[in-house]
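Asker: Under this note's numbering, the first residue of the sequence shown carries the number 142, and numbering increases by one thereafter.
Among the hints, a few may not be true.
To be verified - With a cut-off of at most 27 Å between alpha-carbon atoms, the simulated DSSO-like pairs for lysine-lysine come out as follows: (1) Lys247 - Lys144; (2) Lys178 - Lys336; (3) Lys335 - Lys144; (4) Lys144 - Lys330; (5) Lys335 - Lys247; (6) Lys330 - Lys178; (7) Lys331 - Lys186; (8) Lys335 - Lys183; (9) Lys335 - Lys178; (10) Lys183 - Lys336; (11) Lys247 - Lys336; (12) Lys336 - Lys186.
Hints in this document: simulated from the structure, not taken from any laboratory.
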Amino acid sequence: MLKPVLLQLGPVAIRWYGLFLAAGAIAGFFYAQWIEKRLGGKIVKELFLPLVLFGLLGARLYHVVNELPFYLAHPAMIPAIWHGGLAIHGSIIADALYLWHYSSRKRVSFLRLADILMPSLLLGQAIGRWGNFFNQELFGRPTSLPWGIFIEPANRPETFGAFTHFHPTFLYESLWNLFIAALIALWIKKRPTKKSGIVFTFSLIGSGIGRIFTELLRIDAVPIVSGIRLPLIISAVIFCGGVMMLGIIMRAKQ
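With the hints as constraints, model all of the structure from the sequences given.
Answerer: See below:
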């Protein structure tokens, strides 16, 4: 039986979720530094910690808004991120706003900053998703496929209580984001682009594709708009926005 707590030290619980979040942040930092060396810049050390903090805040606020009835009834649970409940869409929005503010204040290219830092969010997400495995959350529909994961009865939605194994959508998203981060690293290593925004928009497109796929499988409760899951709509907007931005950047002069 999986347990969300790795180690209990008196009143302090060290959770797998927090461990993977920290590991994702550290890996993202070194990945961003690697990209920075190849694309040029000296901003990772200055920006990374604020982006991690704003990303966590945005991810949590997005989740709380999506689950507002529960958190209105249990307000003490709002800061309890160690129990899970961080949304990548919230991180993207919060970090993009912070980068926009920073780039405007410092008069530097927003797209170049995003080129350096956005891929690290994908890598961090790829690692952090494993916390969902130990929390037994964010899984998909029931499945008989050999890689389906067993979910404890207490963690199954009521409508799927008779099923035992479910799609590991957190794993799908983790592997996909890792694949996109690896593609970006290979691309930068082979052909470092001087045109700002290419890496950023490719990251948006890749993230959007992966999340659209997993949202079609996920069964966790989220707001529904015209019969469609809200995160699915936002993922489609991110994907389409990335495609349009990429087209504009590619047509623009060097």
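Asker: Are Lys335 and Lys144 close enough, with their CA atoms no more than 27 Å apart?
Answerer: The hint is violated at about 47 Å.
Asker: Is Lys144 close enough to Lys330, meaning Cα to Cα at most 27 Å?
Answerer: Violated, because 40 Å separates the two Cα atoms, which is more than 27 Å.
Asker: Holds or violated: Lys336 with Lys186, Cα cutoff 27 Å?
Answerer: holds (23 Å)
Asker: Quickly compare the C-alpha distance for Lys335 and Lys247 to 27 Å and report which way the hint goes.
Answerer: Roughly 20 Å between the alpha carbons, so the hint for Lys335 and Lys247 holds.
Asker: Is the straight-line distance between the alpha-carbon of Lys178 and that of Lys336 27 Å or less?
Answerer: Judged against 27 Å, a Cα distance of about 16 Å means the pair holds.
Asker: With a cut-off of 27 Å on the C-alpha distance, tell me whether Lys330 and Lys178 pass.
Answerer: holds (11 Å)
Asker: Mind checking the alpha carbons of Lys331 and Lys186 for me, to see if they're no more than 27 Å apart?
Answerer: holds (25 Å)
Asker: Is it true that the CA of Lys247 sits at most 27 Å from the CA of Lys336?
Answerer: Holds, at roughly 20 Å.
Asker: Checking one constraint from the list: CA of Lys247 to CA of Lys144, max 27 Å. Satisfied?
Answerer: Not OK: Lys247 and Lys144 at ~46 Å, beyond 27 Å, violated.
Asker: Given the hint that Lys335 pairs with Lys178, test it: the Cα-Cα distance must not exceed 27 Å.
Answerer: With Cα atoms ~13 Å apart, Lys335 and Lys178 stay inside 27 Å; holds.
Asker: Measure nothing beyond the straight line between the CA atoms of Lys335 and Lys183; if it is 27 Å or shorter, mark the hint as holding.
Answerer: holds (16 Å)
Asker: Are Lys183 and Lys336 close enough, with their CA atoms no more than 27 Å apart?
Answerer: Cα-Cα ~18 Å, so holds.
The structure fails to meet hints 1, 3 and 4 from the earlier list, while all remaining hints are met.
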